[in-house]
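Protein chains in written order, with this note's numbering: chain A, 1147 to 1361; chain B, 1147 to 1361.
For the record, the hints were derived by calculation from the structure and aren't laboratory data. One should not assume that every hint holds.
As the list makes no split between identical chains, a pair holds if one copy fits it or if it spans any two.
Claimed, not checked - DSS-like mimics (lysine-lysine), calculated; alpha carbons at most 30 Å apart, straight line: (1) Lys1248 x Lys1321; (2) Lys1198 x Lys1321; (3) Lys1198 x Lys1248.
All values reported here derive from a predicted model rather than from experimental measurement.
Here's the letter readout for the chains.
2 protein chains.
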Amino acid sequence: MAGDEDGGLAAYLDEVAAGTPAPGGGSAAAVVGALAAALGEMVANLTLGRAKYAEAEASLRPARDRLTALRESLLESAAADEVAYQTYQDAASLPRTSDGEKTERAVAMQRALTAATDVPMGVARSVYEVAEILQSVARLGNPHVRSDAALGALVAEAALRGTLLNVRGNAAMLKDRELALTYVTDADRLEEAGREAAQRAYHTAMGVADEHGSR
Amino acid sequence: MAGDEDGGLAAYLDEVAAGTPAPGGGSAAAVVGALAAALGEMVANLTLGRAKYAEAEASLRPARDRLTALRESLLESAAADEVAYQTYQDAASLPRTSDGEKTERAVAMQRALTAATDVPMGVARSVYEVAEILQSVARLGNPHVRSDAALGALVAEAALRGTLLNVRGNAAMLKDRELALTYVTDADRLEEAGREAAQRAYHTAMGVADEHGSR
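Bound-form chain A, shown alone:
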């Protein structure tokens, strides 16, 4: 129960709320993505093994297993985001008296920034996959809990948009403009495809024929 884990869930929220830079938005977005995966797993788990939905079994089981793996990887990314942020802060704290030191610090900061951009980019890819899988969960899942798949889709879309804020924010600080452009182009592509997948999952779950349904 949510009320029970005052040492866990509540403690994590306390840490987010605190005036310390980590865990920050990057970690929170990954956690929201993990929650979207968990909601999809719940719908699948309340469908699997029931005679009534036996036909869905073959598709839903691998979908559920993949969501579990994505949830774990998203929680790892939440932790990795905090490490990446700290590495960047450490680089920024390097001495900058001599010209050599200044150059070294700038190089270390750019390297840390690249790593700190790769983390939310990985989160975005995972959340996109969660949204893709939620479509089949929404189509095949137990109708009694299908609105939880719709919630999962809403939450996945927020996680995707949120994590891409960090990709774009970090990319804007990269001196390597070609690399920055690659990140931004990937972010735009993932945002479009991911939001489309999430919205399709939502509409499927809500039983509304979505605009892509007739293709």
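With chain A's structure known, arrange chain B on it following the hints.
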């Protein structure tokens, strides 16, 4: 760090993912709302007490304190949602052999359903308030972390829409159609106002003049 609380955050996600009805979507939506509040608090906490942003102090301090209270209340609602669901399940399990028992069971189920609708309705009101407050956080917060206020707004919008799915789903099962209509009307009103507030907070944080900015 997110990686540390494998007994807390990860355990909560495990429980959501499991094939048990609680914690379900209602609890998860409340937790997502609590995370939106926490993100707003973080931005406020990284602004308060800094000479550079002294002007924001008088508005941001009560905003931050209110977000903390809303976060706590949302976590309580997450737990209350699980209790309300269990109460409904208990009512559904009452004996239904005699006509008297059938009536008693039906009355108990409708009473439990009303309580189970009040919880997500309360969550929706709290999340709406979070979205309202995020607007000032987005306007007054430390620009270096303002994108976290934008993330908070995205997350709040998903939480609001998600919790209202439960309000509408439960209302649809209420035999008292007048009461059901009241819930649905309130849900529609809250959804419109809350999404507008969240989107305004998002655009403010992103530095985009939103369409309501010139009113």
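Contradicted hints - numbers only | Checked against the structure, no hint fails, so every one of them is satisfied.
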